[in-house]
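*Asks:* All chains, please: the whole structure from these sequences, using the hints.
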Amino acid sequence: MIIKERSKSISHLILESLNKRSRLTSLEKTQYDNQVKGYSGEKAFDLKAAKTNLPGLMINDLLLSTRDTYYQIDSLLVTDDHIYLYEIKNYYGQYHYTNGTLHNETGYSLQNPVAQAERKRIYLQNLLISIGYRLDISNHVVFINPDFYIYDLPKIPGILFAGQLAKHFESIIESTPDQKKTNASLAKKLVRMHDLTYRPGNLPEYHYEKLKKGVFCPNCLSLSVKATRQTQICSVCGHKEKAVDAINRLVEELQLLFPERPLTKRLVYDWCDEAFTLYQIKTVLKENYRLYPAGRSSYYK
Numbered sequence: 001m002i003i004k005e006r007s008k009s010i011s012h013l014i015l016e017s018l019n020k021r022s023r024l025t026s027l028e029k030t031q032y033d034n035q036v037k038g039y040s041g042e043k044a045f046d047l048k049a050a051k052t053n054l055p056g057l058m059i060n061d062l063l064l065s066t067r068d069t070y071y072q073i074d075s076l077l078v079t080d081d082h083i084y085l086y087e088i089k090n091y092y093g094q095y096h097y098t099n100g101t102l103h104n105e106t107g108y109s110l111q112n113p114v115a116q117a118e119r120k121r122i123y124l125q126n127l128l129i130s131i132g133y134r135l136d137i138s139n140h141v142v143f144i145n146p147d148f149y150i151y152d153l154p155k156i157p158g159i160l161f162a163g164q165l166a167k168h169f170e171s172i173i174e175s176t177p178d179q180k181k182t183n184a185s186l187a188k189k190l191v192r193m194h195d196l197t198y199r200p201g202n203l204p205e206y207h208y209e210k211l212k213k214g215v216f217c218p219n220c221l222s223l224s225v226k227a228t229r230q231t232q233i234c235s236v237c238g239h240k241e242k243a244v245d246a247i248n249r250l251v252e253e254l255q256l257l258f259p260e261r262p263l264t265k266r267l268v269y270d271w272c273d274e275a276f277t278l279y280q281i282k283t284v285l286k287e288n289y290r291l292y293p294a295g296r297s298s299y300y301k
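Numbering-wise, the sequence shown is residues 1 to 301 according to full-length UniProt numbering.
It should be emphasised that the hints constitute simulated quantities derived from the structure, not laboratory data. From a predicted model like this one, the values you see are computed outputs, not experimental measurements. Among these hints, one or two may not hold up.
Cβ pair distances, simulated, as ranges [claimed, not checked]:
| no. | residue 1 | residue 2 | range |
| --- | --- | --- | --- |
| 1 | L211 | N248 | 17 to 23 angstroms |
| 2 | K240 | T52 | 32 to 38 angstroms |
| 3 | H239 | A294 | 35 to 41 angstroms |
Calculated lysine-lysine pairs in the BS3-like style (CA-CA distance at most 25 angstroms, straight line) [as the list claims (entries may be wrong)]:
| no. | residue 1 | residue 2 |
| --- | --- | --- |
| 4 | K43 | K189 |
| 5 | K240 | K226 |
| 6 | K4 | K20 |
| 7 | K4 | K43 |
| 8 | K20 | K210 |
| 9 | K286 | K242 |
| 10 | K212 | K8 |
| 11 | K226 | K212 |
| 12 | K301 | K286 |
| 13 | K20 | K212 |
| 14 | K240 | K20 |
| 15 | K8 | K51 |
| 16 | K37 | K51 |
| 17 | K282 | K212 |
| 18 | K8 | K48 |
| 19 | K51 | K188 |
| 20 | K301 | K8 |
| 21 | K48 | K155 |
| 22 | K242 | K213 |
| 23 | K240 | K286 |
| 24 | K4 | K189 |
| 25 | K29 | K210 |
| 26 | K226 | K282 |
| 27 | K210 | K167 |
For glycine and all other residues, C-beta sits at the position ideal for the given N, C-alpha and C.
*Replies:* This is the structure we're talking about:
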């Protein structure tokens, strides 16, 4: 049972928005492509996990902190007596394993994912002890892309390739007794500890004034959208979206990019490039946010 669905990371969402509204540098474009590729791999893992009736509770995209050290866990399966930590990698191509490192024919090296997963296991173990839980944790590095191969790889516990996942999940089912408590209290506590405010330090620098304004089609990302009182229609792909949903989407994007800016109807009006009326925007804000009156400086939160 999934108790926390997978969602895009803060870095992914911000780069996705900036990719639409500005011109990314080559480094930022690489970072964005890596985010897209990583998320695609995680969704592929989810599909494989969904095909098996796994015991316990699954938590996805869990951002935790232990003694001011932040770490993200791709997936965590919590059972009565064990926790399975999954580090999912969507690498592709052919690599060689030498002295704990992965490198291809050109000499390009990848960070050691086994060491990454082990660090996260230790952080999580310490966190659990601090809140009164002692459970065995096993960490697993999942190379989810079937087009990824490692030559000269010794037998390393915890490494799983795409074709081995089904057997791995079956072994969990066979080795797990009938679940009575499923450690629901622990799983829910971990979800509550998920940090929604953390923003990575390596985010690109951007400024409101320099970003492209307007309503992008959520399907094809075109700016060729015609808005009416009730609906907006993309003239490129024909995608239809309720005006209310589009305004909510714009507000969420604004708050993601500029959490420190007061949320006002005129800010949203400018952000959408006047595609919607002030009345439409005010109506949506009143339905979903609380108004803090301050004359011309009134804002929503």
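*Asks:* Hints first: check each against the structure and report whether it holds.
*Replies:* Here is what the structure says about each hint:
1. L211 with N248: 17 to 23 angstroms: holds (19 angstroms)
2. K240 with T52: 32 to 38 angstroms: Once the Cβ atoms are compared, 37 angstroms apart, the range 32 to 38 angstroms for T52 and K240 holds.
3. H239 with A294: 35 to 41 angstroms: Because 38 angstroms falls inside the window, the suggested range holds.
4. K43 with K189: holds (24 angstroms)
5. K240 with K226: Cα-Cα ~10 angstroms, so holds.
6. K4 with K20: violated (28 angstroms)
7. K4 with K43: Within the cut-off at roughly 13 angstroms; holds.
8. K20 with K210: Satisfied, since the Cα-Cα distance of roughly 12 angstroms is no more than 25 angstroms.
9. K286 with K242: Answer holds: K286 to K242 is near 17 angstroms, not above 25 angstroms.
10. K212 with K8: holds (22 angstroms)
11. K226 with K212: holds (17 angstroms)
12. K301 with K286: holds (10 angstroms)
13. K20 with K212: holds (8 angstroms)
14. K240 with K20: holds (19 angstroms)
15. K8 with K51: holds (22 angstroms)
16. K37 with K51: holds (22 angstroms)
17. K282 with K212: holds (22 angstroms)
18. K8 with K48: It holds: about 19 angstroms lies between the C-alpha atoms, which stays within 25 angstroms.
19. K51 with K188: holds (23 angstroms)
20. K301 with K8: holds (23 angstroms)
21. K48 with K155: holds (23 angstroms)
22. K242 with K213: With Cα atoms ~19 angstroms apart, K242 and K213 stay inside 25 angstroms; holds.
23. K240 with K286: holds (24 angstroms)
24. K4 with K189: holds (12 angstroms)
25. K29 with K210: holds (18 angstroms)
26. K226 with K282: holds (20 angstroms)
27. K210 with K167: violated (51 angstroms)
Violation of the numbered hints given earlier is confined to hints 6 and 27; the remaining hints are satisfied by the structure.
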